[in-house]
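Using this note's numbering, you'd call the opening residue of the sequence shown number 1 and step up by one each time.
Quick caveat, the hints were computed from the structure, so don't treat them as lab data.
Honestly, I wouldn't trust all of these hints.
Here are the simulated DSS-like pairs of lysine-lysine, each with C-alpha atoms no more than 27 Å apart in a straight line [stated by the list, open to error]: (1) LYS49 <-> LYS124; (2) LYS46 <-> LYS167; (3) LYS89 <-> LYS46; (4) LYS72 <-> LYS89; (5) LYS69 <-> LYS89; (6) LYS167 <-> LYS49; (7) LYS46 <-> LYS72; (8) LYS69 <-> LYS124; (9) LYS46 <-> LYS121; (10) LYS69 <-> LYS49; (11) LYS49 <-> LYS121.
Since the model is a prediction, treat every value here as computed from it, not as a measurement.
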Amino acid sequence: MQRIIEDYADGRGLHLIASGLNRDNTPSPSPHDPEWNRHRAGGHGKWAKSAIRAILNNPRYTGFEIWNKQRKDEVVIDVEDVALGHITKQRSNDEGEWIWSADPTHEVLVSRELFDAAQAKFTKQGPTTRAPSQGRHYLLSGLLHCGVCGRRMQEPWNLGRAYYRCKFTDDYPAGDVEHPIASM
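When you get a sec, could you build the whole thing from the sequences and use the hints?
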């Protein structure tokens, strides 16, 4: 954890940090339920940018317990037809609303100063945004998994139709392994 947060605070990006951990054969977090993350079965999972981001954003590594990070809001399904009812949405609270324990409650893996330095860099970069889907429909979304690594196939849109491909080669160093591409 220390290395990840130090590297990020020193200016390295998520992909570069993940590549370095994989190059050094640093084990990635292992799943408790192999069916949930089939690509990690057998302990051969590689570090991903998403895992690095989750670690960088987890204040528990500072040794403190944090409460009130999230809340549940009830949202009306259709304002034109209130009789349809509502759904519950989980939302993140602003950091100012978090409640920190007065003293560390468990082992400190990263100093609060180093964690705050990494958070300052995240804040400076701003949030990432995703392009709108433009009404495209991906019939096999969430159903296809790569036959090589077991990860879900991604759905880029190209030349007017959906393509399904393994994104493993983009986010994780994979050596000489060829991953499939399919189109509809």
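Verification of the supplied hints:
For the hint pairing LYS49 with LYS124, the CA-to-CA distance comes to about 18 Å; that is within 27 Å, so the pair holds. Of the pairs offered as hints, the one joining LYS46 and LYS167 holds, with about 13 Å between alpha carbons and a cut-off of 27 Å not exceeded. Our distance criterion of 27 Å between C-alpha atoms is broken by LYS89 and LYS46, whose separation comes to about 32 Å. Distance hint between LYS72 and LYS89 is fulfilled; the C-alpha atoms sit about 6 Å from each other, no more than 27 Å.
Simply put, LYS69 and LYS89 have alpha-carbon atoms about 14 Å apart, close enough for the 27 Å limit, and the pair holds. Between the alpha carbons of LYS167 and LYS49 the distance comes to roughly 12 Å, so the proposed pair stays at or under 27 Å and holds. Proposed proximity of LYS46 and LYS72 is contradicted: the alpha carbons are some 33 Å apart, above 27 Å. Of the pairs offered as hints, the one joining LYS69 and LYS124 holds, with about 21 Å between alpha carbons and a cut-off of 27 Å not exceeded.
Distance hint between LYS46 and LYS121 is fulfilled; the C-alpha atoms sit about 25 Å from each other, no more than 27 Å. About 22 Å separates the Cα atoms of LYS69 and LYS49, which keeps this hinted pair within 27 Å; it holds. At most 27 Å may separate the alpha-carbon atoms for a hinted pair to count; LYS49 and LYS121 meet this at roughly 16 Å.
The structure is inconsistent with the numbered hints 3 and 7, although it conforms to all the rest.
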